[in-house]
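Heads up: the sequence shown is residues 246 to 776, going by the working numbering.
Hints may contain errors.
[Said to hold, decoys possible] Taking lysine-lysine and the DSBU-like style, the derived pairs with C-alpha atoms no more than 35 angstroms apart in a straight line are:
#1 Lys-543 with Lys-636
#2 Lys-416 with Lys-277
#3 Lys-511 with Lys-447
[To be verified] Here are the simulated distance ranges between beta carbons:
#4 Pro-773 with Ala-689: 32 to 40 angstroms
#5 Ser-481 with Gly-295: 53 to 61 angstroms
#6 Glu-703 with Pro-773: 26 to 34 angstroms
#7 Asp-432 with Val-651: 50 to 58 angstroms
#8 Pro-616 with Glu-518: 31 to 39 angstroms
#9 Asp-432 with Ala-541: 40 to 48 angstroms
Worth flagging that the hints you see were computed from the coordinates, not collected in a lab. Each residue gets a CB set at the ideal place from its N, CA and C atoms; glycine is no exception.
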Amino acid sequence: MNLRLAVISTSSLVLLGLLAPSTPAKPRKPPKLRGYVNDVGMEPERERFGRHERVALRRKGPSVIVHRGAAAFAPENTLEAYAAAMDYGADGCEVDLRRTSDGVLVLFHDDMLDRLTDGFGTVNQNPYYHLLSLQPRFVYGRANRATRPPTFAALLALAQQRAMLLHLDVKEPNLEADIAELLTRADAWDHVVAVNSSTAPKLLQDKRCWPLRYKAPGLYAGRKDTDPDAVAAALSQPGELIMVDDPRVAARVLKRTLIQKVALPKKLHRDWEYRPLTSATEAGALVPSIHLEERARKTNPRDPAALMAILGAVTLPERSNLAGTELFQRERTSRILDRAWAAQRLGMLDQHSSVVAQLLEYQVRHRSLHPDWMYHGLDGAMAIRALGMLKSEASVPLLIETFNRVDPELKRVRNPAFGEHPLGWTDFRAKMYLIPALGELKTAESKKFLLKYCRMSEERARELAPLQFEEATRAVWQHSLTRAEIEELLKSPNAAVRGTALLECLDHPQDDARAALKAIYPWAMDLPRAE
Numbered sequence: 246m247n248l249r250l251a252v253i254s255t256s257s258l259v260l261l262g263l264l265a266p267s268t269p270a271k272p273r274k275p276p277k278l279r280g281y282v283n284d285v286g287m288e289p290e291r292e293r294f295g296r297h298e299r300v301a302l303r304r305k306g307p308s309v310i311v312h313r314g315a316a317a318f319a320p321e322n323t324l325e326a327y328a329a330a331m332d333y334g335a336d337g338c339e340v341d342l343r344r345t346s347d348g349v350l351v352l353f354h355d356d357m358l359d360r361l362t363d364g365f366g367t368v369n370q371n372p373y374y375h376l377l378s379l380q381p382r383f384v385y386g387r388a389n390r391a392t393r394p395p396t397f398a399a400l401l402a403l404a405q406q407r408a409m410l411l412h413l414d415v416k417e418p419n420l421e422a423d424i425a426e427l428l429t430r431a432d433a434w435d436h437v438v439a440v441n442s443s444t445a446p447k448l449l450q451d452k453r454c455w456p457l458r459y460k461a462p463g464l465y466a467g468r469k470d471t472d473p474d475a476v477a478a479a480l481s482q483p484g485e486l487i488m489v490d491d492p493r494v495a496a497r498v499l500k501r502t503l504i505q506k507v508a509l510p511k512k513l514h515r516d517w518e519y520r521p522l523t524s525a526t527e528a529g530a531l532v533p534s535i536h537l538e539e540r541a542r543k544t545n546p547r548d549p550a551a552l553m554a555i556l557g558a559v560t561l562p563e564r565s566n567l568a569g570t571e572l573f574q575r576e577r578t579s580r581i582l583d584r585a586w587a588a589q590r591l592g593m594l595d596q597h598s599s600v601v602a603q604l605l606e607y608q609v610r611h612r613s614l615h616p617d618w619m620y621h622g623l624d625g626a627m628a629i630r631a632l633g634m635l636k637s638e639a640s641v642p643l644l645i646e647t648f649n650r651v652d653p654e655l656k657r658v659r660n661p662a663f664g665e666h667p668l669g670w671t672d673f674r675a676k677m678y679l680i681p682a683l684g685e686l687k688t689a690e691s692k693k694f695l696l697k698y699c700r701m702s703e704e705r706a707r708e709l710a711p712l713q714f715e716e717a718t719r720a721v722w723q724h725s726l727t728r729a730e731i732e733e734l735l736k737s738p739n740a741a742v743r744g745t746a747l748l749e750c751l752d753h754p755q756d757d758a759r760a761a762l763k764a765i766y767p768w769a770m771d772l773p774r775a776e
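Kindly generate the complete structure, drawing on both the sequences and the hints.
If you want it as structure tokens, here you go:
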């Protein structure tokens, strides 16, 4: 069928025989969900005394802090990633703190939920129960399908067990009182070695907080943490701390014996009761998770035709219309969310067809402009993700074209709060999903583009989007690479490409990768692999 698609409306889908009446999902009583504890107990006196002694030794330095946990072993900001960091020679971890709408302190880096979960909106718009109900997008290594954003209390139980130093990256203001209360209950103030001053100045002013000094800027930037010379140079500087993304090279430089895997503490889990989402607006603002829960009551998320109808029922002018009343703009924002949700659900249903691909491609070409960065291009970004999930290889040329394009219309929605970044960065969300999608779509053209990006100068790459050299290296690794291509990546002048390739060779050791690593970085052969 050769369908010339400008917009596929609901009536068009009916004519095509693709739209059946949508049957809303039957309401049922929500079950309790398995989450993490929200309080932390004290150990026996002897264990507590021993813990403080071990913390004091770590504080003397040099101390290795792992950024968001060891993400080669488990997804970032999970208990499994933090435990793995300690197993492989670290002294502590940097953790990202946010608070849910019902007051639970949790560990989650991003402002928005959609990179790491199948949800939308922000952590502080959702009760903890709702975070537990979201499906994680990344499950690998030590994590399993039950792994969810942990509470700060659960992390403190792990910190007690492992005498873990803590760099607290407090992602939003007004959390200090809650953080201080839990630190006091856990008797864990001496674990804290750094706090970001912009959002948590009161913690730094507390007499119980004794921050330490970093020897050098974060070695995780540009994957300098995989370079033994860069790590040794940082360790030679004054101060007590270094920060890395992966602890293995730092442990080697420090001649540390990697300890065995230690099981997570017991009694970290508890059941959480359902808390209803009652209103789609909060203080006049749209709340994505509530709006989409209401949408799911009207539209069966397992009905492909109904989801396609949502994508097809929009006119092009509506996508770029920044004028109109406040009510019109709120409705327009809600439709962007509807399209983003429908696109993601189509990808999850894994039912590829030419019509589905055309609908998603149209949404990529005509992603919605929006002055709020949280919604700008969100529908296009989710369409890109869905095309990758559906293995729509015919869409590769469009995705490459989209990445390379800097739309002049972005001037209309450019946010001055983001400073003097290149115009292309305004489309950061769509371009953030393009690189992983091209990794999933294993064509010669997508592989060629990813290798080309890895060779690109930082200056040129910055014109297109925020730098994604690590992401591009991981994406191209999903393709079949020749020995020569692997060696090129290992020898790249770009440290982020070079370091990421080293870890990929180490942790995914097919024959050519192991041979290339042995030939170029023989010292790395002694490093332990991620499970």
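Structure-based check of all given hints:
1. Lys-543 with Lys-636: holds (29 angstroms)
2. Lys-416 with Lys-277: holds (28 angstroms)
3. Lys-511 with Lys-447: holds (32 angstroms)
4. Pro-773 with Ala-689: 32 to 40 angstroms: Holds - the Cβ-Cβ distance for Pro-773 and Ala-689, about 35 angstroms, lies within 32 to 40 angstroms.
5. Ser-481 with Gly-295: 53 to 61 angstroms: violated (31 angstroms)
6. Glu-703 with Pro-773: 26 to 34 angstroms: holds (31 angstroms)
7. Asp-432 with Val-651: 50 to 58 angstroms: holds (53 angstroms)
8. Pro-616 with Glu-518: 31 to 39 angstroms: Cβ of Pro-616 to Cβ of Glu-518: about 38 angstroms, so the range 31 to 39 angstroms holds.
9. Asp-432 with Ala-541: 40 to 48 angstroms: The hint (40 to 48 angstroms, Cβ to Cβ) holds, given that Asp-432 and Ala-541 are roughly 44 angstroms apart.
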